[in-house]
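S.K.: These are the residues of each chain, in order.
2 protein chains.
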Amino acid sequence: MEKINIGLVGFGTVGQALYQVINNSRNVHAEIKKVCVRSLEKPRSIEVPQGLLTTNVDEIVDDADINLVVEVIDQADAAFEIVSRAMRAGKNVVSGNKAMIAKHLTELLDIQKETGRALLYDASSCGSIPVIRNLEEYYDNDLLLEVKGILNGSSNYILSRVFDHGEDYADALARAQKLGFAESNPTQDICGFDSLNKLVIITLHAIGVYVAPADVFVYGIEHLTAADIQYAREKGMKIKLVAQVVKFGEETFTMFVMPEFVAPGRYIYSVDDEYNGVVIRGECYDRQFMFGKGAGGFPTASSLLSDIMALRHDYRYEYKKTAFSPRPEYVTDIALKIYARYSTTDLHTLLPWQSIDEEYRSASHRYVVGEILISDLYKARTALAADDVFLCNFPRFFAERDN
Amino acid sequence: MEKINIGLVGFGTVGQALYQVINNSRNVHAEIKKVCVRSLEKPRSIEVPQGLLTTNVDEIVDDADINLVVEVIDQADAAFEIVSRAMRAGKNVVSGNKAMIAKHLTELLDIQKETGRALLYDASSCGSIPVIRNLEEYYDNDLLLEVKGILNGSSNYILSRVFDHGEDYADALARAQKLGFAESNPTQDICGFDSLNKLVIITLHAIGVYVAPADVFVYGIEHLTAADIQYAREKGMKIKLVAQVVKFGEETFTMFVMPEFVAPGRYIYSVDDEYNGVVIRGECYDRQFMFGKGAGGFPTASSLLSDIMALRHDYRYEYKKTAFSPRPEYVTDIALKIYARYSTTDLHTLLPWQSIDEEYRSASHRYVVGEILISDLYKARTALAADDVFLCNFPRFFAERDN
Numbered sequence: 031m032e033k034i035n036i037g038l039v040g041f042g043t044v045g046q047a048l049y050q051v052i053n054n055s056r057n058v059h060a061e062i063k064k065v066c067v068r069s070l071e072k073p074r075s076i077e078v079p080q081g082l083l084t085t086n087v088d089e090i091v092d093d094a095d096i097n098l099v100v101e102v103i104d105q106a107d108a109a110f111e112i113v114s115r116a117m118r119a120g121k122n123v124v125s126g127n128k129a130m131i132a133k134h135l136t137e138l139l140d141i142q143k144e145t146g147r148a149l150l151y152d153a154s155s156c157g158s159i160p161v162i163r164n165l166e167e168y169y170d171n172d173l174l175l176e177v178k179g180i181l182n183g184s185s186n187y188i189l190s191r192v193f194d195h196g197e198d199y200a201d202a203l204a205r206a207q208k209l210g211f212a213e214s215n216p217t218q219d220i221c222g223f224d225s226l227n228k229l230v231i232i233t234l235h236a237i238g239v240y241v242a243p244a245d246v247f248v249y250g251i252e253h254l255t256a257a258d259i260q261y262a263r264e265k266g267m268k269i270k271l272v273a274q275v276v277k278f279g280e281e282t283f284t285m286f287v288m289p290e291f292v293a294p295g296r297y298i299y300s301v302d303d304e305y306n307g308v309v310i311r312g313e314c315y316d317r318q319f320m321f322g323k324g325a326g327g328f329p330t331a332s333s334l335l336s337d338i339m340a341l342r343h344d345y346r347y348e349y350k351k352t353a354f355s356p357r358p359e360y361v362t363d364i365a366l367k368i369y370a371r372y373s374t375t376d377l378h379t380l381l382p383w384q385s386i387d388e389e390y391r392s393a394s395h396r397y398v399v400g401e402i403l404i405s406d407l408y409k410a411r412t413a414l415a416a417d418d419v420f421l422c423n424f425p426r427f428f429a430e431r432d433n
Numbered sequence: 031m032e033k034i035n036i037g038l039v040g041f042g043t044v045g046q047a048l049y050q051v052i053n054n055s056r057n058v059h060a061e062i063k064k065v066c067v068r069s070l071e072k073p074r075s076i077e078v079p080q081g082l083l084t085t086n087v088d089e090i091v092d093d094a095d096i097n098l099v100v101e102v103i104d105q106a107d108a109a110f111e112i113v114s115r116a117m118r119a120g121k122n123v124v125s126g127n128k129a130m131i132a133k134h135l136t137e138l139l140d141i142q143k144e145t146g147r148a149l150l151y152d153a154s155s156c157g158s159i160p161v162i163r164n165l166e167e168y169y170d171n172d173l174l175l176e177v178k179g180i181l182n183g184s185s186n187y188i189l190s191r192v193f194d195h196g197e198d199y200a201d202a203l204a205r206a207q208k209l210g211f212a213e214s215n216p217t218q219d220i221c222g223f224d225s226l227n228k229l230v231i232i233t234l235h236a237i238g239v240y241v242a243p244a245d246v247f248v249y250g251i252e253h254l255t256a257a258d259i260q261y262a263r264e265k266g267m268k269i270k271l272v273a274q275v276v277k278f279g280e281e282t283f284t285m286f287v288m289p290e291f292v293a294p295g296r297y298i299y300s301v302d303d304e305y306n307g308v309v310i311r312g313e314c315y316d317r318q319f320m321f322g323k324g325a326g327g328f329p330t331a332s333s334l335l336s337d338i339m340a341l342r343h344d345y346r347y348e349y350k351k352t353a354f355s356p357r358p359e360y361v362t363d364i365a366l367k368i369y370a371r372y373s374t375t376d377l378h379t380l381l382p383w384q385s386i387d388e389e390y391r392s393a394s395h396r397y398v399v400g401e402i403l404i405s406d407l408y409k410a411r412t413a414l415a416a417d418d419v420f421l422c423n424f425p426r427f428f429a430e431r432d433n
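So the sequence lines, in the order shown, correspond to chains D and E.
For this note's numbering, count along the first sequence from 1 and bump the result up by 30.
For this note's numbering, count along the second sequence from 1 and bump the result up by 30.
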């Protein structure tokens, strides 16, 4: 087995954690030879040997000694360019970049075929939880019916502060930012885009179909108010930001990201703080639940390390389910039962409700509980992004034994 | 890729479930060509084509068309003979037989090396939960510190009836037997031997060391009484049958199976009924929790199917950690804090306690809470098997943030 010489692109929290883990491990048989950073001057908490850092990614891509590139930068497009170049230069790649992967999955499959190189990215979905690898290898048959989970640690931390610790939403967000769970611009996390990127990746490995992020209805927790919190609490439920892909028989499936009312007793009810939890449901095994740290430098580094070790044993994703027949078709004419709270945007008349179960109005706000198609939510997504609106899903698929 | 022709040995609950799953799947590309049973006359709930069943295992082992043997019988020694013969005849093997594998692991490694054939057995540990595969592939580095879990569905079902549903122990056992969770002779399950077999297999894949089942202290729940249940309840805890392997630094590890007091908030507290749950703890990822059905025909069949599909892609266990350096040494001079209840067997004087925290006596029973070495428990195991004795462990490793 060839020794692994790593070129690391990105030296933030995750990159530095990986550097420490590899240097402290006795059985990894890998070495980080070069690290590409944006600035050599930036102060860093760990010391590195002289000459390790560079600002020129060519020093990694063009170095024939480097046989593996690990990419952990923030920018999706820059990352895609580096990853493509590295594979075309004959290197295997490990990436934790969910935005890049979700956006470019189809091209990344092609580049893997074209170059014969492997790209592994288990760290991109749910940090330390081995979701992708298990979907690809262990749930590699057509028994799988549903994958549903809390895929974003930052938004879950905020919701957990609100529902488990009684904090205000604003205080919880501020605390999350202070602890480094949420970015100073936390749009990706709290608007659901980060969960969506992970869901797109998971869906390809779960049922073999790629759906572009732009084609999926996504709704976040940024407009959650005290009224919504009170509504959930009065019903003994928490609100969680949930991503899900659900198969209906062999023919169709749907997927979306939305806040959801979660009752006690369901697996994801107890996924608190910055943790992630994923429920995999299938025909024979019923339900599997995987739970672990979804974010943070060291949990993500441990996942990158697993992928690095797997490449040492020539592991690659086979994308077996993309060859399955029939592959189900993505549909959105599926009715959800939702709670829609508003004040000035009149959701009652704006949305083409299939049916309405409840209506409420007070001096401060109104809400409707009723059935609506996912496709209609998607069409109305601009109006639904208004500041005075909040939507939350009542889970109903497989509700008879919902966990 | 070669088509998989399966010879199935054993046609009980699991074998029949596997037969149905493979026949109903469109993407498995495998066929069960022959099934070896003990009796052709035994009534079965599913219909099979004429000529499928045989009582002569040679018809499988000697059939050159059959390239994969799936072994799901009860007997450890007969299974070992069949599995060895099949591998020597050039066939890959999938087995769910934990007793056989735990007992013969070393020989099975040698036969795999000698024949170049692969033996997969994820179904042997925790039914549908992919524990072995994840330990082997994903946690394939030296970050792993501890694996701890509820590995036996039948005993957990009984304890769950007692602690979650307020039933008597005797009623709970009878109900488990009626539902088919516990055998008519449930010794393997409730005395902890089944958990122990799984722990032995898990330990090899977790830290690369094989310890024979006979060298491990195992204590079951067969002598649990109302007094013990009351003791746990008064402290707000449940009793669970827990198997664990724990590393102490790089040099040593210990392992044992024992009832344990489990406080609310710990992951395994909510593993109820026939479910299994495994906590994997490591240096970077902290804790991962996997939860799913640990027993039953279809959950186990789904696991067998994953292994069958993996063989189609030439997957094999590499037993990577057996090559790690240093491999930790198995030690038992480790102090546990335990509750020891007795009436006529005087455990207070019988056992060489390191220290005693509590003593209690009443007309019906006595108990001691104190520290004792695992090695001393092992030495006293015959006396501790007396009808009037029950032991339960207070978890203490990593207790500061114990989950």
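Just so you know, these hints were derived from the structure itself, not from any lab.
Hints may contain errors.
Because identical chains cannot be distinguished in the list, a pair is counted as satisfied if it fits within a single copy or across any two copies.
To be verified - The list that follows gives simulated cross-link-like pairs (lysine-lysine, BS3-like), each with its CA atoms no further than 30 Å apart: (1) K409 <-> K63; (2) K72 <-> K143; (3) K63 <-> K350; (4) K72 <-> K409; (5) K33 <-> K350; (6) K350 <-> K265; (7) K208 <-> K367; (8) K409 <-> K33; (9) K265 <-> K143; (10) K208 <-> K63; (11) K33 <-> K265; (12) K350 <-> K143; (13) K265 <-> K367; (14) K409 <-> K133; (15) K143 <-> K409; (16) K409 <-> K208; (17) K33 <-> K143; (18) K367 <-> K72; (19) K367 <-> K350; (20) K208 <-> K33; (21) K33 <-> K367.
S.K.: Of the hints given before, which are not true for this structure?
M.R.: 1, 2, 4, 6, 7, 8, 9, 10, 11, 15, 16, 18, 19, 20, 21
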